[in-house]
Every structure is written in structure tokens, then in C-alpha cells.
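S.K.: Sequence:
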Amino acid sequence: EPFGNNKSFCRELAAVKQQRKDILAQYLYKERNITINPHSIFDIQIKRMHMYKRQLLNILHVYHLYRELVENPHLDMVPRTFIFGGKAAASYGEAKITIQLINTVAKLIDQDHRVADKLKVVFLENYNVSLGQKLFPAADVSEQISTASKEASGTGNMKFMFNGAITLGTMDGANVEIHQEVGDAHSVIFGLRAEEVQQYYQEGGYSSWDIYNSDADVRRMLEVFEENPMFGQLREALLDRNDEFFVLKDFKPYCAAQEEIQRRYRNIDGWYRSSTVNIAHAGHFSSDRTIREYAKEIWNLKAVKI
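In the numbering used here, the protein residues as written are 27 to 332.
In case anyone wonders, no lab produced these hints; they're calculated from the structure.
Hints may contain errors.
As the list claims (entries may be wrong) - Here are the in silico distance ranges between beta carbons for each label pair: (1) 329 x 243: 54 to 62 Å; (2) 56 x 120: 27 to 35 Å; (3) 136 x 288: 19 to 27 Å; (4) 325 x 296: 35 to 43 Å; (5) 209 x 282: 12 to 20 Å; (6) 49 x 293: 21 to 29 Å; (7) 137 x 243: 17 to 25 Å; (8) 160 x 34: 23 to 31 Å; (9) 329 x 41: 35 to 43 Å; (10) 241 x 325: 49 to 57 Å; (11) 236 x 49: 42 to 50 Å; (12) 233 x 152: 34 to 42 Å; (13) 209 x 48: 25 to 33 Å; (14) 317 x 42: 29 to 37 Å.
As the list claims (entries may be wrong) - Taking lysine-lysine and the DSS-like style, the derived pairs with C-alpha atoms no more than 30 Å apart in a straight line are: (15) 113 x 56; (16) 113 x 160; (17) 56 x 122; (18) 133 x 122; (19) 122 x 176; (20) 275 x 122; (21) 133 x 278; (22) 113 x 133; (23) 160 x 144; (24) 278 x 185; (25) 185 x 33; (26) 160 x 133; (27) 275 x 144; (28) 176 x 160; (29) 144 x 113; (30) 275 x 133; (31) 176 x 275; (32) 176 x 322; (33) 275 x 113; (34) 160 x 122; (35) 160 x 56; (36) 144 x 122; (37) 185 x 122; (38) 33 x 160; (39) 176 x 278.
Just so it is clear, CB atoms sit at the ideal spot from N, CA and C, and this is done for glycine as well.
Start from the sequences, fold in the hints, and give me the full structure.
M.R.: Next up, the structure:
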């Protein structure tokens with residue numbers, strides 16, 4: 027962790043990160059004919075497609091950014107590349123439609139020269155370990171935005187942490203332990219907490235229609251569903267079925283968290299100090315530490331030297 031205060035070390039780390047971003051950009055161009063800006067923020071969400079994992083929240087925010095850029099072409103924004111990867115179960119309609127929504131927004135952005143130098147969306151089909159080996163080292167931002175209380179643990183967040191990405195996430199699963207290790211200074215946490223989610227489930231009191239009717243930004247954001255009739259199923263999930271995974275409730279906090287990411291990235295020395303701190307504390311998730319702790323606190327076993 028002390029290396030985080032060493033500007034020379036942080037510059038070396040930044041150079042390594044840029045090298046990995048260049049490698050990913052070259053791979054995407056050569057193998058998939060996709061062009062991305064290697065000097066943009068690489069904001070990556072790679073995991074199984076599911077409504078509770080909230081890829082929907084992510085892409086709705088991207089559409090919100092797109093609309094802001096169209097209305098204000100001179101908006102001072104660090105260029106962003108949003109990368110999605112994951113698979114949907116064959117019978118999971120909403121997850122498959124979310125993939126289509128991501129690709130629709132990607133196409134909308136690609137065809138609009140007004141935002142070409144500021145915004146890019148990529149969906150990588152057939153996500154697997156080999157692709158992960160290229161994505162994890164290149165990530166600037168680790169998207170871990172599941173609805174609080176839904177994620178059992180997760181290990182993707184740890185892989186991003188090992189590679190110096192900054193966690194943007196909810197207090198859910200292993201994000202809780204990452205936050206305990208690095209604190210608010212070196213992660214960005216937002217949204218409902220698990221106990222708040224459970225209280226809504228048990229006692230009610232949440233109305234997604236109230237948010238929709240009172241927030242012009244939310245209404246404008248959901249206009250993206252007009253791009254394709256099949257997106258009506260997602261609109262129904264958010265409004266008619268009262269947004270089970272609190273996408274609309276967490277939308278404004280998520281936007282604020284993304285603003286915080288941009289603010290921190292502008293201070294490149296501070297950013298790579300945070301990156302260094304994350305790498306330094308990633309050892310907490312080693313299997314050696316885990317087994318030792320389980321042996322002592324759960325199994326009541328003593329180590330035997332061989």
C-alpha cells in the first residue's frame with residue numbers, strides 16, 4: 027500500500043494498465059472488427075445476465091448519458107467505453123431482451139457522429155475465461171451493481187480488484203469485504219442497503235410508478251424502450267410489476283456514483299493510488315487466508331506441519 031504514495035510507481039502502474047487497454051483494443055479490432063478508444067475509461071460489467079445483476083441499470087444510465095451529450099454536445103465528459111459480457115439462460119426472456127437493448131443502444135451511439143468521440147458501448151457475446159483474461163487487466167472500473175441482498179458472493183469483483191480496477195458497486199456479496207479492505211476513498215458505493223431492500227419486500231412502501239411520474243429524467247430515460255416493441259417486457263418489469271430489483275430507485279444514486287468515478291479519474295495520481303491500494307488489499311481474498319480462517323473459526327482445526 028505505501029507504493030500508492032510513490033508517484034514513480036503509480037506512473038509505472040498507469041503504463042502497464044494502458045498497455046493492457048491497448049492490447050484489448052487491438053484484439054477487438056482484429057478479431058471482432060470493433061474500434062474503441064484505448065484512452066477512454068474502460069467501464070466493464072462481465073457476468074451472467076440476470077435482472078438482479080442489473081445490466082439493465084447500467085445500459086439505462088448509458089442511454090441517459092447519450093441523451094445528455096446529444097442535448098449538450100460540449101458537455102465536459104471524460105470519454106467512456108462501456109463493455110458488457112455475459113450469457114443469458116435460453117429460457118430467460120428478460121435477460122435476452124436486455125442483451126438486445128444493450129446492442130440497440132450501442133448501434134444508436136455508433137450511428138450518431140455527435141457522440142462518437144465521447145461514448146462507446148460494446149457487448150461481447152460468448153464470454154468465457156479466455157476473453158476474461160483480456161478484460162480483467164484492462165478494466166478501469168469494475169461494475170458490481172447487483173441489487174443489495176441478492177448476490178451470494180461473487181468472484182469477478184475480486185479478479186478486477188487484483189488487476190487494480192476501482193469497484194463501483196452496491197453493498198452486496200463480496201463488495202462488502204472489498205469496501206472493508208479499501209474504504210470509501212478507494213471504492214465507490216451507492217444504492218439501497220440489504221436491510222432497506224428487505225424492508226421494502228416485507229413491508230411494501232415502494233412504488234416505481236411514483237418515481238416515474240415525479241422524475242423527468244427517468245421518464246426520458248425509459249423512452250429507449252420505444253426503439254423496439256419487444257422492450258415493452260422490460261418496461262412492464264420496471265413499472266407494471268413494480269421494479270422488483272429497484273432499478274429506478276437506485277438510478278439517481280447510480281448516476282451520482284458515475285459522476286464520482288469521472289471526478290476521481292480526472293485526478294490521475296489519485297486514481298492510481300486507489301488502484302495500488304486495491305491491488306495491495308486483494309490478498310485478503312487468497313485461498314490460503316480463507317482456509318486458515320475457516321479452519322480456525324468454523325472447523326476448529328489446527329494446522330499440522332508435514
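S.K.: Determine for every hint whether it applies to the structure shown.
M.R.: Hint check:
1. 329 x 243: 54 to 62 Å: Roughly 56 Å apart at Cβ, these two residues keep to the hinted range, so it holds.
2. 56 x 120: 27 to 35 Å: Cβ of residue 56 to Cβ of residue 120: about 33 Å, so the range 27 to 35 Å holds.
3. 136 x 288: 19 to 27 Å: holds, 22 Å
4. 325 x 296: 35 to 43 Å: holds, 42 Å
5. 209 x 282: 12 to 20 Å: holds, 18 Å
6. 49 x 293: 21 to 29 Å: holds, 25 Å
7. 137 x 243: 17 to 25 Å: At 23 Å between Cβs, range holds.
8. 160 x 34: 23 to 31 Å: holds, 27 Å
9. 329 x 41: 35 to 43 Å: Hint holds: Cβ distance 41 Å, inside 35 to 43 Å.
10. 241 x 325: 49 to 57 Å: holds, 50 Å
11. 236 x 49: 42 to 50 Å: holds, 47 Å
12. 233 x 152: 34 to 42 Å: holds, 39 Å
13. 209 x 48: 25 to 33 Å: Check passed, 31 Å falls within 25 to 33 Å.
14. 317 x 42: 29 to 37 Å: With Cβ atoms ~30 Å apart, the hint holds.
15. 113 x 56: holds, 23 Å
16. 113 x 160: holds, 17 Å
17. 56 x 122: Holds. Residue 56 to residue 122 sits at ~27 Å (cutoff 30 Å).
18. 133 x 122: holds, 17 Å
19. 122 x 176: Holds. Residue 122 to residue 176 sits at ~20 Å (cutoff 30 Å).
20. 275 x 122: holds, 23 Å
21. 133 x 278: holds, 25 Å
22. 113 x 133: It holds: about 20 Å lies between the C-alpha atoms, which stays within 30 Å.
23. 160 x 144: holds, 23 Å
24. 278 x 185: holds, 28 Å
25. 185 x 33: holds, 24 Å
26. 160 x 133: With a Cα-Cα distance of about 23 Å, the restraint between residue 160 and residue 133 holds, given a limit of 30 Å.
27. 275 x 144: Between residue 275 and residue 144 the Cα gap is close to 27 Å, so the pair holds against 30 Å.
28. 176 x 160: Within the cut-off at roughly 28 Å; holds.
29. 144 x 113: Holds: residue 144 and residue 113 sit about 27 Å apart, inside 30 Å.
30. 275 x 133: holds, 27 Å
31. 176 x 275: holds, 16 Å
32. 176 x 322: With Cα atoms ~28 Å apart, residue 176 and residue 322 stay inside 30 Å; holds.
33. 275 x 113: Holds - the C-alpha atoms of residue 113 and residue 275 are around 26 Å apart, at most 30 Å.
34. 160 x 122: holds, 24 Å
35. 160 x 56: holds, 14 Å
36. 144 x 122: holds, 27 Å
37. 185 x 122: holds, 26 Å
38. 33 x 160: With Cα atoms ~26 Å apart, residue 33 and residue 160 stay inside 30 Å; holds.
39. 176 x 278: Holds: residue 176 and residue 278 sit about 20 Å apart, inside 30 Å.
In terms of the numbered hints stated before, the structure departs from none.
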